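S.K.: Listed below, chain by chain, are the residues.
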Amino acid sequence: MKRSKVFFYVRHLLELCLDNKLRFFLSVIGLLVGLFVFTTGNILLDSYYNETMKDARQISPGTVALRYEYPERLDEAQIYAKGDAPVTRVIFSEQKSMIYAKRSQNGTLCALSATVAGVSGMEQDIPILSTGGEMLTGACTLLKGRLINGNDVAMRSRVVVIDAFTESLLFPDGNSIGKSITFDVSIPGITTSSTDPNAHQEREVLQCTVVGVISNSYHSDREAMEYQRFSQGADSSVQLESMVYTPLSFVDDAFEPSALKLLIWDGANSPSLKEHLTLYRQQSLKNFPSYDVLDKSAVLAQTITRLAPLKLFLTLMMLLLLFISGINAMNTMFFSIKERIREIGIKKALGATKLDILNQFILEGMMMALIAAVIAVVFSCLTVLFIQGYLNQRLFLLFEVHFTLSNLLLPIFVALLYGFVFSVIPCYYGAMIKVTDSLRFE
Amino acid sequence: MLIELDHIQKTYDGRRYVLNDLSLTAQAGELIIIRGSSGSGKSTLLNLLGLLDVFDGGTYRLQGKEINPRHYNRYAELRSTLIGFIFQSYCLIDSISVQDNILLPFLYSHHPIDGAVLAYLEEILERFHLTPLRHKRVSLLSGGEKQRVAIARAIIKRPPLIIADEPTGNLDEENSQLVVQHLKALTQGGACVVLVTHDKNLLQYGDRTYFLHEGRLTE
Ligand SMILES: Nc1ncnc2c1ncn2[C@@H]1O[C@H](COP(=O)(O)OP(=O)(O)OP(=O)(O)O)[C@@H](O)[C@H]1O
Ligand SMILES: [Mg+2]
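These protein sequences, in sequence, are chains S and G. Note that the first sequence covers residues 1 to 442 in my numbering. Note that the second sequence covers residues 1001 to 1219 in my numbering.
Bound-form chain S, shown alone:
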């Protein structure tokens, strides 16, 4: 077709499309609703997926960790010897220490309790908390001051490294370096003991000097949001958690160390190390469930498995809805073909073939679907951004919309497919009618 003709043809299609405003409106609206829910749902689901993955994503790809609860069953020497990469040893304080508490005007309480992690060093991945409260590993970025080093461990220094969120709570002016944090060792959590008269006597206070501040883990970012919710006047108390880092020897000295320990290898050769650890776990630890071998791929896989049923269910629901809206579009198409049988007859008399007729109506169907898809995508984007704003600013939930190209193109592709599939049947019906019969049609 020559250019002038293409232009004429497209204009002709548009005119016919828009001729019956009600029909146009009905077909577009029908598809639009389905596509809108589909697109919005897809983006939200993907964003949620992405958000949930953020815990696992913090783990550096080369790192393998062994998490164990019963140290007496573990021959540490053997493990260290076999690991061919540098290892960071970690033990945790048995109890969380409350390091911050604040009561708001309406009487609610905000408390921050810290898990004290004694580390042999901080150059490699360090232990962090996941949003579920589990122990993960992740790289740390120093924001100011310095990290815990081997010297601190040897000297049993009373120093501590905190993250930005902890700093913002404890030292709102932002000057934490050189100041001290008081660990309230004997009192677990915030449910202290106004009921227990002896509590105060058992209480021991330890002070550590802040030497460095590192960037937040994803968990800390969430806690920061939670704190915001509290400071905006929440009507319930909040219990926040963070992790602070001290030399390994300090935890040994000052706290009753917990049974939970962590060995973190910055595995230059992580697959074989992981294999070794898994094997060791099977052979020496007799599959004791409290020993975990943990690395990025395992945690990612776990998360994916956990989310799979939800994702499947929601995807099926959205496809069902899309299907229904497609049937609705087909319905509209069918009636519009009947309405236009005379037009088909005229065009055939002018020399149009069945294929010409089919093409025209399919193109029309696809054009309407495309219009619906574009509107749906635009509305969906606005909606999810609104939802993000609402979650962040009103509900103080950490949620970031995750747009992907496929999320935005998929509905357009689906719409074109729909325009095609759901026009073919009615159009075929229209194209098959004999010319003389369709000309009689009024």
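Since the hints were derived computationally from the structure, they do not count as laboratory data. Hints should not be assumed to be uniformly reliable.
[Said to hold, decoys possible] Calculated pairs, BS3-like style, for lysine-lysine (alpha carbon to alpha carbon, straight line, at most 27 Å):
#  : chain 1 : residue 1 : chain 2 : residue 2
1  : S       : Lys434    : G       : Lys1065
2  : S       : Lys354    : G       : Lys1157
3  : G       : Lys1157   : S       : Lys5
4  : S       : Lys21     : S       : Lys338
5  : G       : Lys1157   : G       : Lys1065
6  : S       : Lys354    : G       : Lys1065
7  : S       : Lys21     : S       : Lys5
8  : G       : Lys1065   : G       : Lys1184
9  : S       : Lys338    : G       : Lys1136
10 : S       : Lys21     : G       : Lys1136
11 : S       : Lys434    : G       : Lys1157
12 : G       : Lys1184   : G       : Lys1157
13 : S       : Lys5      : S       : Lys354
14 : S       : Lys311    : S       : Lys54
None of the values given here were measured: they were computed from a predicted structure.
Model the placement of chain G with the ligands on the given structure of chain S, informed by the hints.
M.R.: Just chain G with the ligands now, with coordinates in the frame of chain S:
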């Protein structure tokens, strides 16, 4: 010969033959008028001539080419190049403009809409006094105007055969005369026009007039 119909038979229900042993020849430059009572099969005959419907017996040659009634799907191209249709009910597409209606046949042929076509379009619009209406929606036109648009559409591709089924059926005396005068003028340009009409005042324009009765044509 442009049209050669030989012993054509046509039945809708397999029992009654609407056309029975009908023969007709026509050549370029002729205006042939066909009359007959209602239901005698005039429209049926024109549909056969225009390759819109199949026949059940006999032979039909159009421009010397034999038409096979089993292969009607292949005749879209012939319809588009050889035949122009004019109907009593205009058969225009109401939602688009006059000009687009006239150019519509080009969407279904290989012929480009080139300068020559556009020049001819201007000439036709002028001839049928449609120039001021060219961008108007067809649904807003009067009956006479619509039929002029229909004629313009039928001749835009300069087809050798023009089939007109009661084109004046919905028009008043004056417009009827005008339409037939236009058709007559087309035959002077070399086209062959087959016209069905009930209007006795129009018979004077025909080169030949036939009467369709019991499936056959009589002079
Ligand atoms: N598609 C069809 N199916 C069955 N019978 C038909 C069909 N088309 C026409 N007929 C019958 O064939 C006969 C001829 O019809 P046709 O339309 O050719 O008449 P006509 O001469 O054009 O009449 P009028 O002057 O009223 O237009 C009529 O009896 C009609 O009922
Ligand atoms: Mg008739």
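S.K.: Now look at each hint and say whether the structure bears it out.
M.R.: Verification of the supplied hints:
1. Straight-line distance between C-alpha atoms of S:Lys434 and G:Lys1065 comes to about 23 Å, which keeps the hinted pair within the 27 Å bound.
2. As the CA atoms of S:Lys354 and G:Lys1157 are separated by approximately 21 Å, the hinted pair is consistent with the 27 Å bound.
3. Annotation: proposed proximity of G:Lys1157 to S:Lys5 holds, straight-line Cα distance about 15 Å (limit 27 Å).
4. Among the hinted pairs, S:Lys21 with S:Lys338 is consistent with the structure: their alpha-carbon atoms are about 16 Å apart, no more than 27 Å.
5. Under the criterion of a C-alpha separation no larger than 27 Å, the hint pairing G:Lys1157 with G:Lys1065 is consistent with the structure, at around 20 Å.
6. The hinted pair formed by S:Lys354 and G:Lys1065 meets the criterion: a straight-line CA distance of about 23 Å does not exceed 27 Å.
7. At roughly 25 Å between alpha-carbon atoms, S:Lys21 and S:Lys5 fall within 27 Å of each other, so this suggested pair holds.
8. For a cut-off of 27 Å, the pair hint linking G:Lys1065 to G:Lys1184 stands: about 26 Å separates their Cα positions.
9. Taking the CA atoms of S:Lys338 and G:Lys1136, the gap is near 26 Å; set against the 27 Å cutoff, the hint holds.
10. Our distance criterion of 27 Å between C-alpha atoms is met by S:Lys21 and G:Lys1136, whose separation comes to about 19 Å.
11. At most 27 Å may separate the alpha-carbon atoms for a hinted pair to count; S:Lys434 and G:Lys1157 meet this at roughly 24 Å.
12. Between the alpha carbons of G:Lys1184 and G:Lys1157 the distance comes to roughly 17 Å, so the proposed pair stays at or under 27 Å and holds.
13. For the suggested pair S:Lys5 and S:Lys354, the alpha carbons sit about 19 Å apart, so the restraint of at most 27 Å is met.
14. Simply put, S:Lys311 and S:Lys54 have alpha-carbon atoms about 17 Å apart, close enough for the 27 Å limit, and the pair holds.
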